[in-house]
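Visitor: Chain by chain, the residues:
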Amino acid sequence: MRTLPWHTHQDTPLFHIEKQDRPILVSKVVFLRGYEHDPKGKEGLAQFTTALLLRGTKNKSREEISTALETLGLNIDVNVGAHSCVFNITLLRKNLNPCKALLEEIFSSPAFDATEFLKLKQDLKARLELDLENDGGLAKAYFNQAIYANHYYGHDSDGYQDTLENITLEDVKHFFEKHFSSDTLMFATCGYITLAESQTWLSDFKAKLPRSPTVVLEKTHPKLIEENMLQLISKPQRTQSHFLIGGNGLPITHPDQDALSLFFETFAGATFQAQYMQEIRVKRGWSYGAYGTLDGRKNAGGWYLYTYTELKDTFPAIELSLELLEKAAFGEGITDDQIEFTKNHLIKAFPFDIDVPEKILREKVFNKIVGLPEDHLEKSVERLEQLTPAHVRLAAKKHLDLKKIHITLLTDTNKMQHTKLTGFKTRTHDYKDILKSKKTI
Amino acid sequence: MFTKVDDCTYGNIQIEKYFAQKNGLNVILLNDPSVPIFAYHTWFHVGSKNETKGTTGIAHLFEHLMFKETKNKKEGEFDRLTEKEGGSINAATYMDWTFYRETMPKAAFELVAELESDRMKNVILNEKQLESEREVVMNERRMRVDNSPSGKLNECLYKVAFENHPYHHPVIGWMEDIASITLENCFEFYQTYYAPNNATIVVVGDIPREQALTTLERFYGSIPSSVIPKPSFATDPVQTQLKFKQLNLTIPTPKILLGYHIPNMNHPDHSALSVLQSLLTDGKSSRLYQTLLATNPLVSEIDGWTDQTELSGLQIFQFSLKKNIDPQTVIDQFNQTLSQLITQGPSEAELQKVKNQVETSFWSHFSTCDEKAQAIGFYELVTGRYQNLFKKVDDLSKVTAPQVVQVAKKYLTTQNLTTILGNPES
Chain A
1 MRTLPWHTHQ DTPLFHIEKQ DRPILVSKVV FLRGYEHDPK GKEGLAQFTT
51 ALLLRGTKNK SREEISTALE TLGLNIDVNV GAHSCVFNIT LLRKNLNPCK
101 ALLEEIFSSP AFDATEFLKL KQDLKARLEL DLENDGGLAK AYFNQAIYAN
151 HYYGHDSDGY QDTLENITLE DVKHFFEKHF SSDTLMFATC GYITLAESQT
201 WLSDFKAKLP RSPTVVLEKT HPKLIEENML QLISKPQRTQ SHFLIGGNGL
251 PITHPDQDAL SLFFETFAGA TFQAQYMQEI RVKRGWSYGA YGTLDGRKNA
301 GGWYLYTYTE LKDTFPAIEL SLELLEKAAF GEGITDDQIE FTKNHLIKAF
351 PFDIDVPEKI LREKVFNKIV GLPEDHLEKS VERLEQLTPA HVRLAAKKHL
401 DLKKIHITLL TDTNKMQHTK LTGFKTRTHD YKDILKSKKT I
Chain B
1 MFTKVDDCTY GNIQIEKYFA QKNGLNVILL NDPSVPIFAY HTWFHVGSKN
51 ETKGTTGIAH LFEHLMFKET KNKKEGEFDR LTEKEGGSIN AATYMDWTFY
101 RETMPKAAFE LVAELESDRM KNVILNEKQL ESEREVVMNE RRMRVDNSPS
151 GKLNECLYKV AFENHPYHHP VIGWMEDIAS ITLENCFEFY QTYYAPNNAT
201 IVVVGDIPRE QALTTLERFY GSIPSSVIPK PSFATDPVQT QLKFKQLNLT
251 IPTPKILLGY HIPNMNHPDH SALSVLQSLL TDGKSSRLYQ TLLATNPLVS
301 EIDGWTDQTE LSGLQIFQFS LKKNIDPQTV IDQFNQTLSQ LITQGPSEAE
351 LQKVKNQVET SFWSHFSTCD EKAQAIGFYE LVTGRYQNLF KKVDDLSKVT
401 APQVVQVAKK YLTTQNLTTI LGNPES
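Heads up: the sequence lines are chains A and B, in that order.
Residues in the first sequence are numbered from 1 upward in steps of one, following my numbering.
Residues in the second sequence are numbered from 1 upward in steps of one, following my numbering.
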């Protein structure tokens, strides 16, 4: 696949694909600052700022701005990542000009109204409590906190109830001025829009934004896992457990990322050929789904296996998972044929990664944010073709340490016959502890 | 074998439908040469509504079993052969339909036709496979319902709102029924409903018409039709008073689910009902978002949806309350908001908003081959005409303010309502 290049327009990165098959277009307005800039004790500030940004301008109330956007058929949703805030916008071609005008107004003159600020604070704190209802999401949140201990990747964008409480309106205004500027901007468009139109849009939009100084953050690393730990998350009235088994991994730009990723795809990918799915679901019926993956991020990484089982099958499934992982990583648990099969599957499946412009846009923007090469997407097949089973096995042996594993198990501990695992220390939390920033993970 | 039934053009989209007199197979084609891939969907006109008491969940459980073994392919071969070609496979079961989908590189078209036609007529089952998938489905039920507050609330709503009507029981089935379905039940289900005259194949992608029809004729031509039972579904008497039930759940604050009986998707009132629900709950400028969340925050979450079903369904509104808010206050405010809408009627600006939102949503979700195939198959099965996919977009944009008011008065009444209240266990 030929490389689809990023342009630079007025010193701002711009990516564009024109395809006039539908009367809509998609735009990503990206600010290259994310929750890594949340001050300590005020985690959740980046998220707070993006949310308050959409709650009114100096000329329009919250209701008026929502009405104006939605009347035009414009959809806007925001992803706050560690290194970026991405505003994903879908709009009708016929309404491009009024949509552009509204978006310029939102970003150039936000209201940051004091009453809306207080309401939003309560809304976000309530949202954290609603997240307690999702067992899988909750287990993952605890798991992330463990493998990215003392690091911003551990707290994700949401923050905690106590840290949200600490945020002031001045904090939000200051965060906005410091990080949402023409200097941190990146732009991407696809669909029913030409390159010239995208460039004009970018110029007009950028002109409305202030400048901001460069910010250099001290690079931090998560506290690495030093020993095997079983973290029990106690939640009542469960008839099913969720668990993740994993550990520290590689940053996404690491040279061994592809080889280790292929290991996890072979052993625990989301296909029925993957050994983990075969053993847990197909042969034993212990779960509806079982998979594993790398969690490679810009400045650190992790890996995990994940599944959910009936209570009685929980510990047998954990023990089997550890056994399978050990054999796969250090023995002959997966064969060369299996690795080649997975590799060829991924190569042949590549057209599905690029079949619509939206998917290409998403990948290109993500890759740029995390610092991957410009042609990372386009060279996917080439990189896969160069991998051999030997590469894969070497990467697994080198980067997986089965003496430094973290297991997060969310379950009804009152109903479990035992909660001990040989070779693992145990720590227990009430499931609601996730709401608080200060706890020992 | 195939004769053309009709075709349809919408913008630059062209769709053709074919029918095989020999065995009743329907085929719908959308040729898109822009990318060298295709989506292949096989829709069977059977879902949970066709289940009988004691075997609820069999449509879904059987869907799982379709991936096992045939006379010609050992267990695991289906997955291996499709994944070897870079394909992705899946299936889904709902109240009115079951569909199986593959998205594959174009070179694999013949392979998919061979595999799908093979499992339409040649599935073999054994007890070990049934037991294994039974466990998987029971775990799926635990994940989607038993350990999910919204899953439990939703299941309770349909159970209470409907009594004899086939939407009373959940698609996944009651746990005790999943546990007791036999191999014989499964075979009978397969032989009754899995036949060409109960199937529609939808192919979207870089597969020319001639290739598609020739290949499908080769693989499906010898499959005989089956005698599909004439559908006969129990109905409930018209509801004449409010139904109410409470559940205790592991939730931080109360939740309310309101379900109003509404007609099926082909009914003339359905589009106006969809617009009504959108005005009330879609987006941050919607009426209920403004009155319940933005202006006077009584709730932290609002959701609404309108069933798109072959039989009469429900229009549903769901709220997660803020701390220390009395559920009655939320219900009162809901009713007040609804009354205002009925009294004032929606404005032209609001209707224009819905029209634009519908248009954005339609084109956003009519993008990949798979999305297109799913939309086409869904409308063909549920409404009887795939063309209704585009007609629906037009119908929604033509709904008038008096029509919205009329359906609100007619359907969103207390007598027509089932309320489920979820209370925090603590």
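Worth flagging that the hints you see were computed from the coordinates, not collected in a lab.
Check the hints yourself; a few may be wrong.
As the list claims (entries may be wrong) - List time: in silico PhoX-like cross-link candidates among lysine-lysine, alpha-carbon distance up to 25 Å:
| hint | chain 1 | residue 1 | chain 2 | residue 2 |
| --- | --- | --- | --- | --- |
| 1 | B | K245 | A | K283 |
| 2 | A | K60 | B | K355 |
| 3 | A | K94 | B | K128 |
| 4 | A | K436 | B | K323 |
| 5 | A | K283 | B | K355 |
| 6 | B | K284 | A | K312 |
| 7 | A | K420 | A | K140 |
| 8 | B | K230 | B | K284 |
| 9 | A | K94 | A | K125 |
| 10 | A | K379 | A | K19 |
| 11 | A | K58 | B | K284 |
| 12 | B | K243 | A | K125 |
| 13 | A | K348 | B | K106 |
| 14 | A | K348 | B | K128 |
| 15 | B | K73 | A | K438 |
| 16 | A | K379 | B | K84 |
| 17 | A | K404 | A | K219 |
| 18 | A | K100 | B | K284 |
| 19 | B | K323 | A | K119 |
| 20 | B | K74 | B | K84 |
| 21 | B | K323 | A | K42 |
| 22 | A | K343 | B | K355 |
| 23 | A | K223 | A | K298 |
| 24 | A | K348 | B | K355 |
| 25 | B | K128 | A | K173 |
| 26 | B | K106 | A | K379 |
| 27 | A | K343 | A | K223 |
| 28 | A | K343 | B | K84 |
As the list claims (entries may be wrong) - With the C-beta cut set under 10 Å, the calculated list includes, among others, these residues of chain B facing chain A:
| hint | residue |
| --- | --- |
| 29 | E75 |
| 30 | R144 |
| 31 | L249 |
| 32 | K392 |
| 33 | D394 |
Ideal Cβ placement from N, Cα and C applies to all residues, glycine included.
Visitor: Any of the earlier hints contradicted here, and which numbers?
Guide: Per hint list: 1, 3, 5, 6, 8, 9, 12, 14, 15, 22, 24, 25, 27, 32, 33 violated.
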